[in-house]
Structures are given as structure tokens and as C-alpha cells.
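Residue numbers (the numbering used here), protein chains in the order written: chain L, 44 to 699; chain Z, 564 to 742; chain V, 2 to 175.
Honestly, the hints are just simulated from the structure, not real lab data.
Just so you know, even glycine gets a beta-carbon here, dropped at the ideal spot from N, CA and C.
A few of these clues could be false.
Listed below are several chain V residues computed to face chain Z (Cβ distance under 8 Å; list not exhaustive) [what the hints assert, rightly or not]:
(1) Glu34
(2) Glu68
(3) Met72
Covered stretches of chain V (chain L as the covering partner; in silico rule of three or more C-beta atoms under 8 Å from a C-beta of chain L) [claimed, not checked]:
(4) 74–87
(5) 95–103
DSS-like cross-link-like pairs, simulated, lysine-lysine; straight-line CA separation at most 27 Å [to be verified]:
(6) Z/Lys593 to L/Lys426
(7) Z/Lys585 to V/Lys135
(8) Z/Lys593 to V/Lys42
(9) L/Lys426 to L/Lys311
(10) Z/Lys664 to V/Lys42
(11) Z/Lys649 to L/Lys426
(12) Z/Lys678 to Z/Lys664
(13) V/Lys135 to Z/Lys593
(14) L/Lys426 to L/Lys468
(15) L/Lys311 to V/Lys135
(16) V/Lys135 to L/Lys426
(17) Z/Lys730 to L/Lys426
(18) L/Lys311 to L/Lys156
(19) Z/Lys585 to Z/Lys683
(20) L/Lys688 to L/Lys311
(21) L/Lys685 to V/Lys135
(22) V/Lys97 to L/Lys468
(23) V/Lys39 to L/Lys426
(24) L/Lys525 to L/Lys158
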Amino acid sequence: MIPELGTFATILALCLTLILSTVPMIGAYTGNKLWVDYARPLAKGVFFFLSVAMLLLAYSFQTDDFSVMYVAQSSNYNLPWYYKISAIWGGHEGSLLLWVWIQAFWTLAVAVKSKDLPIEIVGRVLAVMGMITAAFLMFILFTSSPFERILPNPPAQGADLNPLLQDFGLIVHPPALYMGYVGLSVAFSFAIAALLSGRLDAAWARWSRPWTSVAWAFLTLGIALGSWWAYYELGWGGWWFWDPVENASLMPWLVATALLHSLAVTEKRGVFKSWTVLLAISAFCLSLLGTFLVRSGVLTSVHAFATDPERGVFILGMLVFVIGGSLLLYAIRAGSVKSESTFAVSSRESMILVNNIIFTVACAMVLIGTIYPLVMDSLDLGKISVGPPYFNALFVPMMSLMVIFLGISAFSRWKETPLQLYLSKLWLPAILSVVAAVITHWIYSQSIEPWVLLALVLSYWIVFTWGREFISRLRHRDNVIKGMTRQSRSYYGMMLAHLGVAIMIVGVAMVTIFVEHRDARMAPGDQIEFRGYTFIFDGAREVQGPNYISDMARVRVFRDGELYREMFPEKRLYTARGTVMTQVALQPGFTRDLYIAMGEELENGAWAMRLQFKPFVRWIWLGALFMTAGGLLAASDPRYRKQVKREAAQRQQVTE
Amino acid sequence: MRKFWIFTPFVAFIAMSVFLFKGLFMDPSKLPSALIDRPFPSFTLPSLYEPDRLMSELDFKGEVALLNVWATWCPTCKDEHEQLNKIGLEEGIPIYGLNYKDDPQLARAWLERYKDPYTKVVVDQEGRLGLDLGVYGAPETYIIDQHGIIRYRHVGEVTEQVWQELKGLMEIIAAEEEA
Amino acid sequence: MKILKSLPFVLLLWSCMTLASFETYEFSTTQNEMRYFKLSKELRCPTCQNQNISDSDAPLAADLRRELHRMIEAGYKDEGIIDFMVSRYGDFVHYKPRIAPETYILWFGPFVLLLGGLSVVFFVSRNRRLRARKAQEAVRETVDVAPSVEAADLSGGLSEQERERLERLLQQDK
């Protein structure tokens, strides 16, 4: 009964979204305010019914209802209750439901938080979001319902959740990532609504900005969580593999980053309007494309969901409708948009445009690299692999160039910036960053690695240029405290995010160049000296987990002759699926991680062990957290709300 | 000019979706052999039937034939064995066997138990020949022409449908030679 | 049916990635060891696709690692080893596509796009400037409409503080 109610709730939600995507839109066109007013309650209704569907699915998981096919595939009696919650989004069907539920959540958020916007804009935006929700709901109901039953003979036991996914990472990574992916649909819907209404003004950019910041922050967080999860769960100690699925999440992130910056220019200066709209459309379209790449099986990937061409055709159809439709609308409508103000070759506008170009080209590069094997194959030019050596070779120089401009732009001004100003402000940070980089590098390793040196120079470059800019702002105030409090939240948000870039660069370079590992055969009692630590293996013993049996080793780590830590790497056998998994032991630290993975069991209780020393790896995710915090802080800036209120009042006056 | 450029995102997307559509019906995991139209790699390995006799690539010359890479540890090899028996024993097509990373004892027992469709079987216990041949998953089935040149590779189970395809190819290759 | 058939393969893919298997090879020099780790990460495992042979648990990956170790210790150059692998497993096996006419777009396309994009930025901002200056010459209004080069020279006479104050004031006008 419960799963059928779930299907029913999903169908009701679909009906509501169909009304939501048509009635307010027609109302906005015909000027029928009553019809437009339906948008908000409908958005609430959709969210309500999808929440009911989510709860019912959760109920089926918690009560081990294996007559539901999805539950039988991805759960098990012995699965701990918290993994029974995260198992909801552990497979294709359930993760789609999560996606669409989050979509409904964002729609609700726009409905609630848009009190000060003109109602016909709100109506259009919600209608566009309703269309996207409707498309996904149809996909769920027609091809991938999580409520489908296995009747009349339900299995007595579930096949269990994939052991890789039985982890804290899976509880938080998909929701955060989807919040980001789907959050981009808000900027998308604002863009489409603006194109439809023909009112593509600076106000549009102002409304989209906080939403884009929040979505971008979640996307950053989601990607970082995924990277962290892969790092400790897969047992290889890598944090980014350039796997198609990772690329699928990186592409919208790159474009969303460009969009964040471009929106600032459009809002403040009224230029690049049509370019910004294109970015807003592309960012969300790339999230959709990512979904397609992951779920259709056109690319082999470690994360890929089970392949089924029927689903692939359906998503592709949806893609053509949403992406093709919106790009066509853009081509027809955006041609007539003109910008009213001008800027010089040397100005903040052109700086941000350079930022946009680099991020967009980086995204194009990732896209080309990801689908090139597919294109070659379908043209019968042979099977090739495009992997980390390619992406690193192109991505690193592009991002280095981006960071150089990031530093320069600290002193750029709107409209025009005299070159002498750049020179006078930049020479000191330039010298300082080189000197500081050489010194810190030498202190750390008593050697000079060119890539690390470059990374440190770039990192200091960001810190010193923006630091100098910050100080010069304070100097113009009567006192420092007052100066600090006078800066806006979005300014601090930007500073945090830029600082995050500097932190991340250090982490990436250090862990890539200075990583060390030692593969060794260790018998009980054996000890290994490695990077100033002594590792003593005390043997492995069998441990019974809730749904697995594990060989748990104990490794004592000594530093300077004293016991420093005990580490417990494991080799687990998950009984339901019969899969063996390596559970690494980590000793995280601010400047380095110790990482132990168990390999195969050798003779006489000896094991193959891989010890790794990972300097500054935490800084990668720390940098991402700074960016996330920056995005959220910027979005919380009260000036967005004030400005919107003021504008609404002005519009009122004009119409009256 | 501007009117033209503004259509590029749309056009690029449509072009890409054509490839994505084609991609839906391709299997990205199936690899063609890198040795197509190249001679069978040279080797010196024992025969499964007479462990003292050494075989070489010369043993695979003379007629258009199939070469099947198999092992007793490979479940799909069991699945396709019936079909191989039909091809080798009923239709009388020559099939060379390459016993890949296997225990010869077990392999002989397997052929006794499930019947033996092979005309010759070479033992590649270390997987060296498999490596030279570019084997990446048993079972694999190759077509080798009378000069010992590799002409085709199929990865995975040989079903009746696959066999009809292979048969067609073998007939074409045989006809080529006569012409 | 198709789904059911592909299921074992999917499971196989999963089983590919769950164990961390590795050997404890000895190397004659640390340089050889570094080359081993670099190359084993550049070679793609044909069985467990989307894993390099260093991370893959497939028996084939172990064979390839053994071969890689042997060749490095036997003094082969990197190119020789890559050629050895590619001649057996095809271009697929190397994660770094070689530069050939069919991969020109892949390798050079992004740089062409970057250069194209940057020159568009340059010309767009210059053209706008020129157009603005023409319009300005016609109108000759106050400085804040669009400070041209002359205006910039003029403001160059202002001190840093004054200039920023001016900027802020202008900001408020908008």
C-alpha cells in the first residue's frame, strides 16, 4: 500500500507541475493576475507531495519492504538505519527522486523568498522551474520509478547497498551536489523568464545573483565532498581522477564561476547582458548534460549507473527539449539586447571578461576531453582514452593564467584603469610573492621543485594583491575597525573565496609533488621507517561488523621514539554481495595525512601494506570550504533585499 | 555578424547531441584488437594434448580458422562451450584453442567432461601470449586467415547470432583468397 | 533482458575497484621507481576500464604491471614501453592521446578558443571605447559619462584618495 501511495503522490506532484508550468505563464502573457497568482501555492503543493513521496520511500527502506524492487536492490536487513536513509539516493531511481525533490525545494524557496519581485516575473520563473520538474517527474514515472514492486514473490533479503556507498560520504555528498546542480536552475529560470518577457535589465542580474551564489557554494561543497570521499574510500589516495562523472560536475562549476563574476558586471554596469544570460543558461544545461552522461552509459565510468538505452533516449529527448529550446530562445531573443555603457581595454569589466573567457574555455576543454573518445568512436576513428595526463597538461596552465589575472584584477576599476596604476600597485606584491615562495619552499624541503614554486608564487600572489587592496580600503576610513565593519558582506565573501583559491593551490601542488608512498610486505612485528615515523605492524585479527566481516590490522605509529597513534586499516568482506573492500586508516593533519591501505594477505599472517605520506592534502578541501563560506556570505548580503525593495517601490510609482 | 554568432551555442549543442545519440547504441567497453591485419604473434608454448610438444605460430597457418581464448575459471567460457561444440564438432570448422592462465590438468578434465571442439590447443599458463595478443578478458574469439594473419576479434560470448556473423566474415575471407 | 545481461558486467566493474592490490616490487634506482609509478598511472587497464593499471585489481593489470616493471628494469625508454603496450592493446591503453591529425582539435582546440576569446575581449572593449569617444566628442558633457583617455589623464592629477572618493560618489549615482 505504502509504495503505491508514493507513486500516487508522485503523480499528483506531476499534475501540479503541469499546471504550474502553464497557467502562470499564460497569465503573465495575457496579463491575468489571478492566473499568475496560482504560481506560489502550486509550488508549495509540488514540494508537499514530493516530500510525501520521499518520506514514503524512506519508510519502505526503514521497514525493509523488499517487495519494492529499488529497496531490494539497494538495501538489506542488516544495513544500519542511517545507511537505509542514504540508500534512498544510492541508486539511479532514488537519486532521481532526490534530484526532483531538491528541484521542488528550490522552487519553493523562490516562491517564498520573492515577495518583493514583480509578480509576473515570479510567475514566469516558477513556471520555467515547473517545466523542468515536470520533465524529471515524467522521466521517473515512465522509466525509473523507485516504487516499482516485485510481485508476487518478493525476495526475503535485499541485495544490500553497494559497500562503497556505505559511508558517511554518501550521506552528504549527493544532497550537497544536487543542491548545487539544481540550484543553478534558479538562475536558468530567471534568464529564461527575462528572455521571454524581453526585459533583460540590470535588475534581472541583481535578482539572480544571491541564488547563483548559494547554488555555486553548494556545488563547490558537493564536489569537494566527493573528492574527499574518493580520497579515503577508494583506497588509492587520489583526490581527483578526471573521471567522466567528476568532469560532469566540474563543467557546471566552471561556468557557474564565470557566471558569478559576469553577473556582478551586469548588475553594476549593465554590460555583457546577453553573455551573462548565455552563461546562466549554460551552467544549468551542463548540469543536465552531466546527468545524461552519467545515467545513459555513453561513457564508461567508475561511478556509472546501470546502462539502459531506453532511459538514455528519454534523457536525451529531455536534453534536446530543455537545452535546445533554451539556446534557440536565446538565439532569437538575445540578438536585440544592447549594452548602454562602455569600458576600456584596461578596466575591471575587461578583467572579468578575461576571467569569463578562461573559465569558459576551461569548461570547453573538459567537455571536449570528455566526449572526444565518444566522437572518435562514432566516426570510426578508433578508440582512444583521454585521461589525467591530457587534462592536467591543459588545465594547469589555464588556471595559472587565471590566477595571474585574479591578482592583477584586485586593483582594476570600473570603466577604465590606467596602466600606471597597475604598475604602481603590483610590483611590490609581485616581488614579495616570489621571495616568500622561495623562502617557504626552501624551509619546507631544502630543495626547489619548479611546479611547487610556481604554485606558491601564485598562491602568495593572490594573498598579497588582495591583501594590499584590502588594506588600502581600510586606510581610507578614519579607523581600521570602522573600515572593516563598513565593508559589505559580499566583499568579504569574495575575499574568502579568493583566499580559498590560494589555499587550494598550495594543497594541490604539495600533495601532487611531495606525495610519498611505500608498498611493503609486513609480517607481525615488522617495522618500517617512513618520513620520520616508525610504523610497527601488530598483525591482523577478524572483526565482525553489522553486515561485514573484517580483517583489521593494528599499526602503531611512533614519532621520536614515542607512541604517536594507533591506526586500524581493514579489509572487509561484505557478506550480502560477497564484495571485498579496503578500508583505509587515516591520520589526518593540518600539514600532512598518514594513509595506510591493506593489500592482499600473504603467507604467515603477513600483509601487503601501502603507506602514504600526503602533505597538505587537507588544504584542497579547506580551500573549497573557504569558497563555500564565501559564496554563502556573499549571498546573505542584505543589500540585495534592500535594493529589490527599492526597485519594487519605484516600479509601483511608475505604474501608479 | 552578431545574428550569426548568437546561433553558435544552439548549433554546437545540436551537433553534440547527434553524437550523444549515436553513443547510446555503442558499447564503449568493447575494444577492437590492435593486431587486426597483423600476423599472429610468435610464440613457443606447449600443446595441451601433448605437453612435451612445443607449438608455435606456424601451427595456426594453413586455413581460415577461429582462435578461442578460454579458461576453466571463466564463467562465460562455460556458457559458450555448447556453441563452440556445435561449430567445431557439428559444422566441422577448425577452432584453435588458447588455454589462458589456467591449470592444464583442469583444462584437460574440462574438455573431457564438456567435449572438445578444438583442433589444437596451446597452453599459455603465464599469460605471455595473451599479453602479446592483447587479450583483456576471456573469452575472446579471433578469425585467423590461412597466412596466419589476424582478421577479426570478438570479445565475450559467442552466441548463435555472433557465430552467424563470424561465419559470414570467414566465408568472405576464404573467398578473397581464392579470387 | 538487456539490463539483466549487462548486470554481471556492471558488478564486475564494481568489483574492479574495491580491493587495493599491489605488489612490492624492488627497483634498482629510485628514478626507475618514479618512472614505474608515473607510467602505471598513465596506462589504462583494458579490463577495468576507467582505472589505470596502478589502481586496478584485474589480473590483467597485474600482468601489465609486471611487464612494466620488467621493461623498466631492463632499461627500456618510456616511449618504448608505451609503444609496446599500444601495439598490443591499441591507443585505448594510453591515457594521453598521441598528437595526430585526428586529435588536433583535442590538443589545440582549447588554446585556439582561448586566444580567440582573449582577442574578442580586446577588440570588443576597444571598439566600444572608440564608439563611445565619438559619441562623447559630439556631446562633450561631464567627465562621468565615460571618462576617455583625456579624462584619465586629467584624473591622473588627482591623488589616490580623491580618485577613489570620486569613484564612490559615481557609484552612488547609479
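Are there hints from earlier that the structure breaks, and if so, what are their numbers? 1, 3, 4, 7, 9, 11, 13, 14, 16, 19, 21, 22 and 24
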